[in-house]
Amino acid sequence: MALQTVRVRGAEVGYRRSGGRGRPVVLVHGNSSSSATWAPLLDGEFGERFACVALDLPGHGGSAPPAAGADDYAMPGYSATIAEFADALGVRDAVFVGWSLGGNALVEAAPLLGADPAGYAVFGTPAVRDGASFAEAYLPDERMGMAFEEELDAERAALYVSGFLAPGSAVPTGPLVAEALATDPAARAGLARSVAEGRFADETAVLKELRQPIAVLHGAEERFVSLAYLRGLTVPTLWRGAVQVVPGAGHAVHLDRPDALAALLGDFIAELPQTGIRA
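Residue 203 in our numbering sits at position 113 of the sequence shown; the count goes up by one each step and never skips.
Worth flagging that the hints you see were computed from the coordinates, not collected in a lab.
Values in this document were obtained by computation on a predicted structure and should not be read as measured data.
Don't take every hint at face value.
Stated by the list, open to error - Listed next, with one range per pair, are the computed distances between beta-carbon atoms: (1) Thr95 - Leu249: 30 to 38 Å; (2) Leu317 - Val285: 19 to 27 Å; (3) Ala158 - Leu317: 40 to 48 Å.
Cβ atoms here follow ideal geometry from the backbone N, Cα and C, with glycine treated the same way.
Given only the sequences and the hints, what does the whole structure look like? Please build it.
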């Protein structure tokens, strides 16, 4: 899918569209990744069914760094970018899907998006409440710390992205390494600084108040996120009343098991109210 751009918060934001004409779906990638990571969905049957739009967060992929004076390398900036991007493309009524950091940003964008979204789906995303909750939400893995390292050389980038995939995964890591190395190093440093300063919402409180259905998915071979933590969250609108575990998938469910993810998302979307579907 060809990269397009739109101006959001004073800077160019890159995005890719699929060719589908069904319900709109907004896809948000994780830390040190880009919209290109969604190619298995955009280029497959899922993208043919649904009007998918995958954006690049600031400083990632085809998106420029934040405009001068904007603090968009922090959760408030990422969430505002998502909401204003949805406004710019007229897709506030979409189903919003987020992976890892993208999922956290979506949870924090929910109050900004209000009643418009049809629903949410996240994976690789533990909603945190405060700094202390990180130790509960994430599994002990040295590669997680690399998500906050300003400078990553090729060797450390390769080690970092290896944690995205299930053990023995056949998914090539070269494109993932390239995306990590192409990310503005200030994005990782800014995120680390903002987390240390507590500049993020109580995401668990957002989930408790969320009115739309939300699907929480989890790779059975996940290396970073604690399934026990996810199962302990209070999510009144949780789809099917439980975290949906995807066999054979790691942190990046969309790469390890794209067909399984597409099927789950398709079922989730099919069960949503049918208002807002476009001809």
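How the hints compare with the structure:
1. Thr95 - Leu249: 30 to 38 Å: 32 Å Cβ-Cβ, so the 30 to 38 Å window holds.
2. Leu317 - Val285: 19 to 27 Å: holds (22 Å)
3. Ala158 - Leu317: 40 to 48 Å: holds (42 Å)
Taken one by one, the earlier hints all hold for this structure without exception.
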